[in-house]
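Enquirer: One-letter residues, chain by chain:
Number of protein chains: 2
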Amino acid sequence: MYEGVVQDLIDELGRLPGVGPKSAQRIAFHILQNDPEDVKRLADVLIEVKEKVKFCSICFNVSEDAQCRICRDPRRDPTVLCCVEEYKDVVAIERTREFKGRYHVLGGAISPIDGIGPEQLHVRELMMRLADGTVTEVILATDPNLEGEATATYLTRMLKPLGLRVTRLASGLPVGGDLEYADEVTLGRAFAGRRAADDAGS
Amino acid sequence: MYEGVVQDLIDELGRLPGVGPKSAQRIAFHILQNDPEDVKRLADVLIEVKEKVKFCSICFNVSEDAQCRICRDPRRDPTVLCCVEEYKDVVAIERTREFKGRYHVLGGAISPIDGIGPEQLHVRELMMRLADGTVTEVILATDPNLEGEATATYLTRMLKPLGLRVTRLASGLPVGGDLEYADEVTLGRAFAGRRAADDAGS
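So the sequence lines, in the order shown, correspond to chains E and B. In this text, residue positions in the first sequence follow UniProt numbering: the first is 1, and each later residue adds one. In this text, residue positions in the second sequence follow UniProt numbering: the first is 1, and each later residue adds one.
Worth flagging that the hints you see were computed from the coordinates, not collected in a lab. Please note that the accuracy of each hint is not assured.
Since copy identity is lost for identical chains, a pair holds within one copy or between any two.
As the list claims (entries may be wrong) - Derived lysine-lysine pairs resembling DSS-like cross-links, with alpha carbons at most 30 angstroms apart:
| # | residue 1 | residue 2 |
| --- | --- | --- |
| 1 | Lys-40 | Lys-22 |
| 2 | Lys-40 | Lys-100 |
| 3 | Lys-100 | Lys-22 |
| 4 | Lys-22 | Lys-54 |
| 5 | Lys-160 | Lys-52 |
| 6 | Lys-100 | Lys-160 |
| 7 | Lys-100 | Lys-52 |
| 8 | Lys-22 | Lys-160 |
Just need the whole structure built from these sequences, with the hints factored in.
Expert: See the structure below:
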């Protein structure tokens, strides 16, 4: 329906996650009317990101060097290791400024439906990192959903025999949320994980 | 928060219409994990579209040549001219296969709030196209909203003195829609524009 290359652009844009046919069209029309310089900048950064961005050889975090900023940072506690599913989880946790240890990015979660088992994740590399005994606590910070829980359960079973402290992030009410809108599972976990009211001054 | 070039990519993606910060992040992570070939193809088509796609010198439709496919097509009726706001409207009308005339893409609609007056649209070029008397009917197919109606009203006033037939697309109930969900204005127009029941066999 569209002139050849315009249709090509719509097709390519439509392959991006969360971009349906209508959005792809809208973005394509925007690009047609846009300043060529702006479009060039987007095209360049797409190429650049694929050329420059690699994955850290230690923790599989995104990195422009062989090792990521966090693995290179001597101030980060090497005894605490936080296992996450994806790079974006590292960013989310870093944003809290609460965690001073290091990371291990699994590259996903166990999901039999999608054909993802432990072999598809960086689990073997995790076990190798733990072999020298530097790490004393592993925090399993996988997503609080079916796949994340399955991954955490699997890893707990693998790690417990090593004599490490294995922990999970707390479940409970989101801060700023309304109790009445919390789902039953969350509310149930918040009860199960209740603490003394003077616990941390809150 | 992100490694330099990843943040650059998120920023550039976030400038696209309908792509919020969260979508930009999701697309960026998809691109990080994507096959470099796929990303290269998207970058290439972005550049190509800006290099190749021009606007038709007659009707301002999108075109890879100096004149668009429709203006070059001798089978298209040169006596009927359909004025639309944007290139995507041409595509929408072509999809109906109902219209055999030619187009004039105004490049937007009159919108005083956005500082768009008739001078910012291809109105002068429209008047020049009509000068030789070939066109006998102008269909004003602007959007059925405030800006589109204002544009149609303005153009009607400009075109009527030329002795042309000036028409608007019919307003009414969308086919396949529910009468009870139609807004009052649409339903009112559907009444005003009612036709004899045996009119076109439907």
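Enquirer: Hint by hint, say whether it matches the structure.
Expert: Evaluated hints:
1. Lys-40 to Lys-22: Close inside one copy (23 angstroms) and across copies (23 angstroms); limit 30 angstroms.
2. Lys-40 to Lys-100: neither (39 angstroms within a copy, 37 angstroms between copies)
3. Lys-100 to Lys-22: between (44 angstroms within a copy, 26 angstroms between copies)
4. Lys-22 to Lys-54: Answer is between; shortest inter-copy Cα gap is 22 angstroms, intra-copy 33 angstroms.
5. Lys-160 to Lys-52: neither (38 angstroms within a copy, 61 angstroms between copies)
6. Lys-100 to Lys-160: Within. Shortest intra-copy distance 23 angstroms satisfies the 30 angstroms Cα cut-off; inter-copy 74 angstroms does not.
7. Lys-100 to Lys-52: within (26 angstroms within a copy, 51 angstroms between copies)
8. Lys-22 to Lys-160: neither (50 angstroms within a copy, 36 angstroms between copies)
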